[in-house]
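*Asks:* Protein chains in written order, with full-length UniProt numbering: chain L, 1 to 430; chain Y, 1 to 107.
Since the hints were made in silico from the structure, they are not lab data.
Some clues are possibly wrong.
Stated by the list, open to error - Under the rule of at most 20 Å between Cα atoms (straight-line distance), these lysine-lysine pairs were calculated in the PhoX-like manner:
1) Y:Lys2 with L:Lys168
2) L:Lys166 with Y:Lys67
3) L:Lys164 with Y:Lys2
4) L:Lys85 with L:Lys158
5) L:Lys158 with L:Lys168
Unchecked claim - Pair by pair, the computed Cβ-Cβ distance ranges are:
6) L:Leu150 with Y:Trp105: 33 to 43 Å
7) L:Leu46 with Y:Leu40: 48 to 58 Å
8) Y:Leu104 with L:Leu150: 36 to 46 Å
9) L:Arg175 with Y:Ile75: 17 to 27 Å
10) Y:Thr98 with L:Glu88: 36 to 46 Å
All C-beta atoms, glycine included, are put in the ideal place defined by N, C-alpha and C.
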Amino acid sequence: MSAPDDARSAVAAAFREEWGRVVAALIRATGDWDLAEECAQEAFALALQRWESEGVPRRPGAWLTTVARNRAVDRIRRAAVGEAKLREVAAAAPSGDARSGGRPDDAIPDDVLRLMFTCCHPALAPEARVALTLRALAGLTTAEIARAFLVTEPAMAKRLTRAKQKIKHAAIPFRVPGPAQLPDRLRAVLGVLYLLFNEGYTASSGDELVRRSLTAEAVRLARVLTRLMPDEPEAAGLLALMLLHDARTPARTGPSGSLIPLEEQDRTRWDRDRIEEGVALLDRTLARRSPGPYQVQAAIAACHATARTPADTDWPQIAALYAHLARLTPSPVVELNRAIAIAMADGPAAALPLLDALDSSGALAAHHLLPATRADLLRRLNRPAEAATAYRQALALAPTAPERHYLAHRLATLPHPDARSPDPPHIPST
Amino acid sequence: MKYMLLICGDESAAEHADEGCGGWSEEMLERGVLQGGSGLRPPSEATTVRVRDDEVLLTDGPFAEAKEQIGGYCIIECADLDEAVEITSRHPAAGYGTIEIRPLWEP
């Protein structure tokens, strides 16, 4: 590789790893989010020039933070905001300066954590939390975030500006909350990371590359959070959950881009390293005996990820885990998944009463998954006429084309209702 | 930071009008964060003022016809929004109505 290539890939790597740190350190020093982003951007641009001629610094993050902070000092000086502000910024220099070497920059990870909690503050609208996390922590451009969420760039720019204005004018603090608020606030952070991951993992529309980068960023940020808060089992549970789902990515789509259901995936294409990492992390976390919804969902994902074939799946265990999840976070969707697991463990007939209960509760009235599941169970019970009725109900409610396509295919390939008592074979006349 | 707490509720909140604040005001005065405030007479006794083309227009009643109306307000001064939320969440009206936290305009 040539020197320019080396420098460029070093800057690209630093961008992924250090953007959030640089922005976080600058926000803490200046309190100004826009200034922080702009100065961080300038620091990375300067790195592209300098690292090529002067070589990549030993600690790129510290180099970038120092350059960005100097830019901020210059700008504030030019804007003549006043001596006091300037002293504040200069005094907020992190312990690990580019030239001081040696000392680990303890202050910087704390800044990243502060930034996470501030971006995910519950006083911000949920969609603003997600956008702000992607911009400030992951360094995605406004255009990229807009593409990921299928809104126009001006609309996304407005969303980000409003969020930053609110942080500034309503004085949303830049800090990690105290013990009293921490559980709630951590839930909000985990919720944003989970949403980010799902947005990249499950949505079938939008820019494929941007979606991949959403899941990658969600995993990366969950790693950072787990490293910074090693005593939070749910943070580790969420990371394990993401790893175990992400491991299936290579086998999830067919050549035409269509989604391949779990039971039909080529399991040899699953990412073994990710599965091992996820399972090991989950085991360590569950050993702390402080279970939560993410850990339980990760345990369910681990049951799937460690089954060599669909037939090897430990369905009784999955059914028990869904029952646990239903106690922690009761929801009709969890109950539906429990019914599916029971059908796999004990046969379709055992699950029908659970579907009846869900039906009469009305909680999933407008959702295609309930009739689709019922149809599937009835098909397996060899009750094709009732199955057909349920497939038609599901078809009328299914929101996306691939789902409708799947249901229509199932409906079309049902055995004829009279198949069990066929007419006498028709003898062609001669 | 200064914030105004706008205490809102529907008609049923009026029955709490004479209950006071269950020691909240005393506690917050002592803590030094409460700078003033009051309950308000009902919106039916409000008058809304607009000036358009130099003409003063009066309307009987509140600015907006809404189910929830402002029934009282407080001014607090505290460190940041987290502290404002903590203070607000302990006001008894948060239990039966809603309280909006508005930062004051500071030029």
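*Asks:* Each hint needs a verdict: does it hold in this structure or not?
*Replies:* Going through the hints against the structure:
1. Between Lys2 of chain Y and Lys168 of chain L the alpha-carbon distance is near 13 Å, which keeps this suggested pair within the 20 Å criterion.
2. Taking the CA atoms of Lys166 of chain L and Lys67 of chain Y, the gap is about 26 Å. The hint is violated against a cut of 20 Å.
3. Between Lys164 of chain L and Lys2 of chain Y the alpha-carbon distance is near 19 Å, which keeps this suggested pair within the 20 Å criterion.
4. Annotation: proposed proximity of Lys85 of chain L to Lys158 of chain L is violated, straight-line Cα distance about 28 Å (limit 20 Å).
5. Of the supplied pair hints, the one linking Lys158 of chain L and Lys168 of chain L holds, its CA atoms being roughly 15 Å apart against a limit of 20 Å.
6. Evaluation of the 33 to 43 Å hint for Leu150 of chain L and Trp105 of chain Y yields a pass: the beta carbon distance comes to about 35 Å.
7. Leu46 of chain L and Leu40 of chain Y have their C-beta atoms about 57 Å apart, which keeps the hinted 48 to 58 Å range intact.
8. Take Leu104 of chain Y and Leu150 of chain L: their Cβ atoms lie about 37 Å apart, and the range 36 to 46 Å holds.
9. Between Arg175 of chain L and Ile75 of chain Y the CB atoms are about 24 Å apart, so this pair conforms to the stated range of 17 to 27 Å.
10. Checked against the hint of 36 to 46 Å, the C-beta distance between Thr98 of chain Y and Glu88 of chain L comes to roughly 37 Å, which is consistent with it.
Hints 2, 4, counting from the list given before, are not met by this structure.
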